[in-house]
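S.K.: Now for the letters of each chain:
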Amino acid sequence: MTDKILTQHFGLENLFKIDVYLENKGYEAAKKALTDMKADEILEEVKAANLRGRGGAGFPAGVKWGFVPKDIEKPKYLCVNADEGEPGTFKDRYIMTHNPHLLIEGIIITSFCVGIHTAFIYIRGEYEAVALRLEQAISEAYDKDFLGESILGTGFKLDVYVHRGAGAYICGEETALLESLEGKRGNPRLKPPFPASVGLFGCPTVINNVETVSNIPSIILNGAAWFCQVGLPKDGGTRIFGVSGMVKKPGIYELPVGTNLKEIIIKHAGGMMEGKKLKAVIPGGMSAPILTAEEIDISMDFDSLVEAKSMLGSAAIIVIDEETSMLDVLRRVTKFYSHESCGQCTPCRIGNSWINKIVKRMADGNGKREDLDKIIQLANNMMGKTLCPLGDAAAMPVLSIIQKFRKELESYIPLGN
Amino acid sequence: MAKILIDERECDVAEGTTILKAAESAGLQIPHLCYHKAFMPEGSCRMCLVEIEGLPKLELACSTQVRDGMKVSTKSESVIEARKGVLECLLADHPIDCPICDKAGECKLQDYYEEYGLFESEFNEEKEKRQKKIEIGKNLLHDQERCVLCRRCVRFLDEVTKTRELGVFQRGVHAEVATYDGILVDNNYSGNLAELCPVGAITDKDFRFKTRTWFLQSRESICTLCSRGCNIYVESHQGFSRFSLPKRVYRIQTRENQMINGFWICDKGRYDYSYLDQERLDKIVVNNSEDPQSWQEITSIVAGEIGRLFHMKRSSHIGLILQSWLSNEELFLIDKIFRNDINIGKISFLDPPEESSDDFLLTAERTPNRRGAKEIGFDLQPADWEKFLEDVDLLFVFASPIKGDTDFSPLKAALDKIEKTVLFASHNHEINSLFDMVLPMSLIAEKGGSLTNIVGSVQGFSPALDAPGNCKPAWQFLVDLAKKLMINFDFYNQFSSPESIREVMKKEIPYFREEHE
Amino acid sequence: MSPELTDQTKKKIEEIASRYASKEAALLPVLHLVQHEKGFISQQEEKQVAHLLNIKPIKVKEVVTFYTMFNQKEVGKYHIQVCSNLSCSLLGSESLIDHLKNKLGIEIGETTSDKKFTLMTVECLGACEQAPCMMINFDYFGNLDKEKIDNILDNLE
Chain D
7 MTDKILTQHF GLENLFKIDV YLENKGYEAA KKALTDMKAD EILEEVKAAN
57 LRGRGGAGFP AGVKWGFVPK DIEKPKYLCV NADEGEPGTF KDRYIMTHNP
107 HLLIEGIIIT SFCVGIHTAF IYIRGEYEAV ALRLEQAISE AYDKDFLGES
157 ILGTGFKLDV YVHRGAGAYI CGEETALLES LEGKRGNPRL KPPFPASVGL
207 FGCPTVINNV ETVSNIPSII LNGAAWFCQV GLPKDGGTRI FGVSGMVKKP
257 GIYELPVGTN LKEIIIKHAG GMMEGKKLKA VIPGGMSAPI LTAEEIDISM
307 DFDSLVEAKS MLGSAAIIVI DEETSMLDVL RRVTKFYSHE SCGQCTPCRI
357 GNSWINKIVK RMADGNGKRE DLDKIIQLAN NMMGKTLCPL GDAAAMPVLS
407 IIQKFRKELE SYIPLGN
Chain L
4 MAKILIDERE CDVAEGTTIL KAAESAGLQI PHLCYHKAFM PEGSCRMCLV
54 EIEGLPKLEL ACSTQVRDGM KVSTKSESVI EARKGVLECL LADHPIDCPI
104 CDKAGECKLQ DYYEEYGLFE SEFNEEKEKR QKKIEIGKNL LHDQERCVLC
154 RRCVRFLDEV TKTRELGVFQ RGVHAEVATY DGILVDNNYS GNLAELCPVG
204 AITDKDFRFK TRTWFLQSRE SICTLCSRGC NIYVESHQGF SRFSLPKRVY
254 RIQTRENQMI NGFWICDKGR YDYSYLDQER LDKIVVNNSE DPQSWQEITS
304 IVAGEIGRLF HMKRSSHIGL ILQSWLSNEE LFLIDKIFRN DINIGKISFL
354 DPPEESSDDF LLTAERTPNR RGAKEIGFDL QPADWEKFLE DVDLLFVFAS
404 PIKGDTDFSP LKAALDKIEK TVLFASHNHE INSLFDMVLP MSLIAEKGGS
454 LTNIVGSVQG FSPALDAPGN CKPAWQFLVD LAKKLMINFD FYNQFSSPES
504 IREVMKKEIP YFREEHE
Chain R
48 MSPELTDQTK KKIEEIASRY ASKEAALLPV LHLVQHEKGF ISQQEEKQVA
98 HLLNIKPIKV KEVVTFYTMF NQKEVGKYHI QVCSNLSCSL LGSESLIDHL
148 KNKLGIEIGE TTSDKKFTLM TVECLGACEQ APCMMINFDY FGNLDKEKID
198 NILDNLE
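Protein chains in written order, with the working numbering: chain D, 7 to 423; chain L, 4 to 520; chain R, 48 to 204.
I should point out that these hints are in silico values taken from the structure, not numbers from a laboratory. Hints should not be assumed to be uniformly reliable.
In silico BS3-like links for lysine-lysine, alpha-carbon gap of 27 Å or less [as the list claims (entries may be wrong)]: (1) L/Lys24 / L/Lys60; (2) D/Lys363 / L/Lys78; (3) L/Lys60 / D/Lys380; (4) L/Lys78 / D/Lys197.
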């Protein structure tokens, strides 16, 4: 048994081509699902695997699929979230570039299970090359009868399209993604109704992250029990940890859920760059509350990180060294969210801009003593008080950085101010 | 039904009601900016957040539906903090110059700021610079600095007029409402935008800086400029103790009525209100000069003229020309007096010509009560005027209140030849000089009564303005006249108000029974 | 100023629109296509796209101004977008941006007078393992330093 599910064949030359993929048990799971299994059985298997969403929220995929109404005349849709906008995150790019057929196979099984005949892969606009690769792979899949009017002669029809975003972080939020896919501004929708009942074009819609969907073939081929053995009982399988920042070997590392963060940084990512000392780590993409050097001896799973008042998010690990000023880190964070707020909700639209202006002033050497408390207050005004999670995503890192590095931040405020 | 508790107040509301509506039904207003009854909740301003027992986060009152047993607080500490937070953000970028803002006095943001503490601004950064005083429509100006991005205007143009002249451009803090490619808001409902705007971002050029809202008296009325019967508020200024004003009415606002006009009125109804003040006839005029006689004396003269012909059995030589600006009650009285009692030969309508309707509220008919006239039994076909006027000795005309919208030319030539002509008019008009006697009439906005709109709804109205000068409501004159005629005194003696006329009318004409109200 | 879209592009737009339950949904892909052909999206293109997708031009403008990848004005032949987000800034993107400004003699958001280069900073490009990184048109360049940037730029026609 290998502990790599998604990247085990990454070393193979031309894995992205369907022939190579087929030589390595490719589309076996799809064949099994479509010819040997009923939709209910697939759903039960995925539920039993307790596959939690890899996009950030960690919602169990099987449960999500289960919310889609069964007997309904309207078409149903699958939207694969390949927006990958969370700073620090680049894992989905690897899957789509190196193993696009794995994703397509996951799409086929998901669609078959839920009764979907049209799937869209919403990919961030910057990934043009990746989108082209996906389109090539999709076209190969059509040629080999894995997509189209009657997949493998089973009568099951499925079309898959790649839909490129155009530079908006918010479109990674599932309802903003739907708006964007419908050709609109990426303004998140009010929930309820949830996409499972009213989603794309008003129809029931499943939205899953690339990594989540790419896990489906292994679960179908090897069973839920096998999947649960990798990782943790309540949080099975692997995660593709994307490590960036001040480490020797930045990159992706597919490891079992629950791998120790310190181990990932030191053992897998090669430890700190020469002469650098670890100061802090963002463990799950920019919106995850920061961990100090003392806090990184932690199991990388959803629950452990929640317990540590952070989050696993997209499992993007950003490693910060001692020489980096936390005010600069804070500035990058606030600049980002101020830039990416869609502008709908008052506390997020103006709060983020306000915070960013204060932080910029502090970085310019004009900080005032009351600034940090004001930022905290503004961040608290966003926390849990906006329509979509961007308010929280912006508030959490800001609050944690101030809480954990207040002394340092205060040291940048000129005496007497 | 769901029983819920809002701030310790129990209320029973239908399952599926939102918290905001439930609270309103219990007399509790929950602050909101983006929410408007006309649209689906959008949930973006975040002013209506409330605390629900057992839930970890504050929830939106505008979109959250009640569940039986729900306990809601609209004033807990965390709710107040959240609201202050929203206000603080809005006011960070919004100019704090209420005294020079046209919206002052009816601005939601101003009201909420008063309510939630008048806190000092802690915003010390550079404000976003935006454009002010941009022309966005024939009657509209936009101040982007005052905009709170509630998107009510955009949604109105998207969902109601479907013209979509405004959009939201850019994103985040740079998001702004604007027109596109110089295309201004130019539809017959544009004026609703200024009223919809909860703050001073969209203002109405017609009203802007003409007066302050707190001087205005807002009274219910019905629009009479077409036959839709839209419900309105007539907003008037009483003038100052030392200074009078050249006009009374400063603006017409919509009044919600889901059966008639929903939340909106058209621009014609909103802006064409100058007739309420301009060129008003407010004096009794006999032979082209102001007459010192009282209404009582004049009524006697008119009654005498009618009586004379009636007793000479020459009633058929009395002619009556009507316009459907008259109320149901007035038309009912006219029917009783002139058709039943005196049985005059000739009654006809001379309404202004139809114009184009706009497929929404504005109808082709440009008088408010043609349907009422029809239900009372009048023939609305215009007469062959030459024939009509041929042997008329005494002519009464109840004429249009608006200058120039009726073609009186068919009458002009004949007027000279008729022995006695009496015009009941509300405005000065060149035609007036051709009549022997011109009597000043109150407008719909100045009297009580009811109108029947194009689809047959009967709507009562009360005076929204005082009648100017010597103006009299037609119904009052008609009752006095009928009593003087002494043909059916007891019947007319029971009428002391439009309501009392309506009671009898309901008994006599089945159409006016309750179901049409 | 800019000529009509080519028939080929129009045909492609029809093909894309057929994928969706509403034509409007094709807006983002179509705008990408138009920008690919025209370099940026002017009001004229907004109107053409609106016409082809049967939506109001104002809605196209709303979308164009929401997404940062749509250029509303002409950009240089090489559109350089340097990541200024955290992972890249940790590894020195700030000094690389300064280097580019000096080298090209322009500020962020500007285009060189020969219209060869436009310089922008962007938020995370999703290539943090190669930080600091940048995009030139749609090509990614990672693990940058000043010499590498010089090399890349000097080899562009």
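S.K.: Could you run down the list of hints and mark each one as holding or not?
M.R.: Do the hints match the structure? See the list:
Straight-line distance between C-alpha atoms of lysine 24 of chain L and lysine 60 of chain L comes to about 20 Å, which keeps the hinted pair within the 27 Å bound. Between lysine 363 of chain D and lysine 78 of chain L the alpha-carbon distance is near 31 Å, which puts this suggested pair outside the 27 Å criterion. Using a Cα cut-off of 27 Å, the hinted pair lysine 60 of chain L and lysine 380 of chain D holds, with the two alpha carbons roughly 22 Å apart. Straight-line distance between C-alpha atoms of lysine 78 of chain L and lysine 197 of chain D comes to about 24 Å, which keeps the hinted pair within the 27 Å bound.
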